[in-house]
Amino acid sequence: MGMTLTTDKTVDEFEAYYYRKEILKKSLSGSSQNPYEKIFGYFEGESNFNIDSSSCLYKSEIKKANNKSCDPIFIEVNSSTDAKQYSKVSTLTAKIEQFRNYGDEIFDPDIPVAPNSLAIDTAKDLVIDLVENDIAPFRVAPSIDEGLCLAFSSDDILAYLELYNDGEIGLIAENIETKEMITNKDLLPGEIIAALLELFQ
Amino acid sequence: MQLCWSYFNSSYMEYPDALYSNNRPVLPKEEILDDQYLFQRCKPGYGWIEKEGLPDYTKIQIDPKNKKTQSYNWERFSKPHWVRFNPSEKYLIEYAVVGFLPLNIRNLHEYDPMDKEYDPEVIKSILDVEHKPIEINYSHCQLLCAPPSNQPISKKMRRDMKLALRHGVKIFYKPYEDVTK
Numbered sequence: 001m002g003m004t005l006t007t008d009k010t011v012d013e014f015e016a017y018y019y020r021k022e023i024l025k026k027s028l029s030g031s032s033q034n035p036y037e038k039i040f041g042y043f044e045g046e047s048n049f050n051i052d053s054s055s056c057l058y059k060s061e062i063k064k065a066n067n068k069s070c071d072p073i074f075i076e077v078n079s080s081t082d083a084k085q086y087s088k089v090s091t092l093t094a095k096i097e098q099f100r101n102y103g104d105e106i107f108d109p110d111i112p113v114a115p116n117s118l119a120i121d122t123a124k125d126l127v128i129d130l131v132e133n134d135i136a137p138f139r140v141a142p143s144i145d146e147g148l149c150l151a152f153s154s155d156d157i158l159a160y161l162e163l164y165n166d167g168e169i170g171l172i173a174e175n176i177e178t179k180e181m182i183t184n185k186d187l188l189p190g191e192i193i194a195a196l197l198e199l200f201q
Numbered sequence: 001m002q003l004c005w006s007y008f009n010s011s012y013m014e015y016p017d018a019l020y021s022n023n024r025p026v027l028p029k030e031e032i033l034d035d036q037y038l039f040q041r042c043k044p045g046y047g048w049i050e051k052e053g054l055p056d057y058t059k060i061q062i063d064p065k066n067k068k069t070q071s072y073n074w075e076r077f078s079k080p081h082w083v084r085f086n087p088s089e090k091y092l093i094e095y096a097v098v099g100f101l102p103l104n105i106r107n108l109h110e111y112d113p114m115d116k117e118y119d120p121e122v123i124k125s126i127l128d129v130e131h132k133p134i135e136i137n138y139s140h141c142q143l144l145c146a147p148p149s150n151q152p153i154s155k156k157m158r159r160d161m162k163l164a165l166r167h168g169v170k171i172f173y174k175p176y177e178d179v180t181k
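As you go down the protein sequences, you meet chains E and Z in turn. According to the numbering used here, the first sequence is numbered sequentially starting from 1. According to the numbering used here, the second sequence is numbered sequentially starting from 1.
In isolation and in its complexed conformation, chain E is listed as follows:
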């Protein structure tokens, strides 16, 4: 359900976004408490937003109706989208986290070296941005090349993002039908989202 809310205070949208992201990350890794309640508390206390506690603010949903220096800010909140995104984020985070111990249930003799903390934490850091950009991986798996491999697909593209245990990152993609390679490059963490968006948007 969408609704438009107003406030008489100016909030920098990026600051709000990153603050929310940090709280969400902490909540997912630390406790089972619903992160939206914390976010609600913050925004209500600091910015006086009148939103209900089941809502969550996403960067894509914070829309300014005027320029940065003017009031008020109009914010559109879509609760059903938030719930789906939160569900995706928590599911993916749980999948990634299970590789930290690489126990009997998921141990694969073909992949003797488990993903390490660096690869796991990089993947977890990525998840929120991936979900928000609607490019969530359909698969997260340990890779034989030591690390985690995230697989993405659209109707015609298949892509693998490798997060290696030594901190290096690589992306390779091919056309599913023609098998032509579309891209293969080494990436820095800050380049991942842009590279995936280039492929899938």
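What the hints contain is simulated information worked out from the structure, not anything from laboratory work. Treat the hints with care, as some may be off.
[What the hints assert, rightly or not] Pairs of lysine to aspartate or glutamate residues, derived as DMTMM-like cross-links and limited to a Cα-Cα distance of at most 20 Å, are as follows:
#1 Lys-155/Z with Glu-168/E
#2 Lys-156/Z with Asp-134/E
#3 Lys-170/Z with Glu-75/Z
#4 Lys-156/Z with Glu-180/E
#5 Lys-43/Z with Asp-110/E
#6 Lys-170/Z with Asp-35/Z
#7 Lys-90/Z with Asp-108/E
#8 Lys-156/Z with Glu-191/E
#9 Lys-179/E with Glu-110/Z
#10 Lys-179/E with Glu-50/Z
#11 Lys-155/Z with Asp-63/Z
#12 Lys-170/Z with Glu-180/E
#13 Lys-156/Z with Asp-186/E
#14 Lys-79/Z with Glu-110/Z
#15 Lys-179/E with Asp-155/E
#16 Lys-155/Z with Glu-146/E
#17 Lys-174/Z with Glu-94/Z
#18 Lys-170/Z with Glu-177/E
#19 Lys-124/E with Glu-168/E
#20 Lys-132/Z with Asp-34/Z
#21 Lys-185/E with Glu-168/E
#22 Lys-79/Z with Glu-94/Z
#23 Lys-156/Z with Glu-146/E
#24 Lys-90/Z with Asp-110/E
#25 Lys-124/E with Glu-97/E
#26 Lys-155/Z with Glu-191/E
#27 Lys-156/Z with Glu-168/E
#28 Lys-88/E with Glu-146/E
#29 Lys-155/Z with Asp-186/E
#30 Lys-88/E with Asp-134/E
#31 Lys-174/Z with Asp-110/E
#32 Lys-51/Z with Glu-180/E
Go by the hints and put chain Z onto chain E.
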């Protein structure tokens, strides 16, 4: 009930006598002809979906140190499904069976865009297949990965090769597919 019986039946296949080496000689790699399939058993990894194809990209091993290199059963001495037997002679029906042609392995440099980015002679010299029989499996071959001057293969090149290796692969049996039918 019928499904259970066929599973039971195929899960307990007897190890074929023809696979034992029995002091037969190691053959030079030139005898592994380009059109003779090399069978590989592969179990798709965690979360794999059919759309990705086989073998699973996350499990393709290209190791320049050849410490743990990819094994195959050579068509000349093995039926496709025999590769499902592990070193303990246990038949692993949960594994798929795929076949690679040495022609494709040896001509990986022709795969686009590898021919544009790397020196074809270097790529051509990196991968080959050698006959490496073991006591219980005369057909056993190994992927030979020998970069020039033992130079390391970059991760980027390895990704290229992994994807290129999947080209021309023939799927003989899917996981759990019963060979008796």
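Restraint check for Lys-156/Z with Asp-134/E, where alpha carbons must lie at most 20 Å apart: violated, 26 Å
Hint consistency between Lys-79/Z and Glu-94/Z [alpha-carbon to alpha-carbon, up to 20 Å]: Roughly 17 Å between the alpha carbons, so the hint for Lys-79/Z and Glu-94/Z holds.
20 Å limit on alpha-carbon distance, applied to hinted pair Lys-156/Z and Glu-180/E: holds, 16 Å
Proposed proximity, Glu-110/Z with Lys-79/Z (alpha carbon, max 20 Å): Measuring from Cα to Cα gives roughly 29 Å; hence the hint is violated.
Agreement of Lys-156/Z and Glu-168/E with the hint, judged by alpha carbon distance not exceeding 20 Å: holds, 10 Å
Proposed proximity, Asp-108/E with Lys-90/Z (alpha carbon, max 20 Å): Measuring from Cα to Cα gives roughly 17 Å; hence the hint holds.
Hinted pair Lys-170/Z and Glu-75/Z, Cα distance within 20 Å: holds, 13 Å
Restraint status (C-alpha distance of Lys-179/E to Glu-50/Z at most 20 Å): Holds: Lys-179/E and Glu-50/Z sit about 15 Å apart, inside 20 Å.
Hinted pair Lys-179/E and Asp-155/E, Cα distance within 20 Å: Between Lys-179/E and Asp-155/E the Cα gap is close to 13 Å, so the pair holds against 20 Å.
Pairwise hint evaluation, Glu-97/E against Lys-124/E, where the allowed Cα distance is 20 Å at most: holds, 8 Å
Pair hint outcome, Lys-170/Z versus Glu-180/E [Cα-Cα no greater than 20 Å]: holds, 18 Å
Hint consistency between Lys-155/Z and Glu-168/E [alpha-carbon to alpha-carbon, up to 20 Å]: OK: Lys-155/Z and Glu-168/E at ~9 Å, within 20 Å.
Checked against the numbered hints given earlier, the structure breaks hints 2, 14, 28 and satisfies all the rest.
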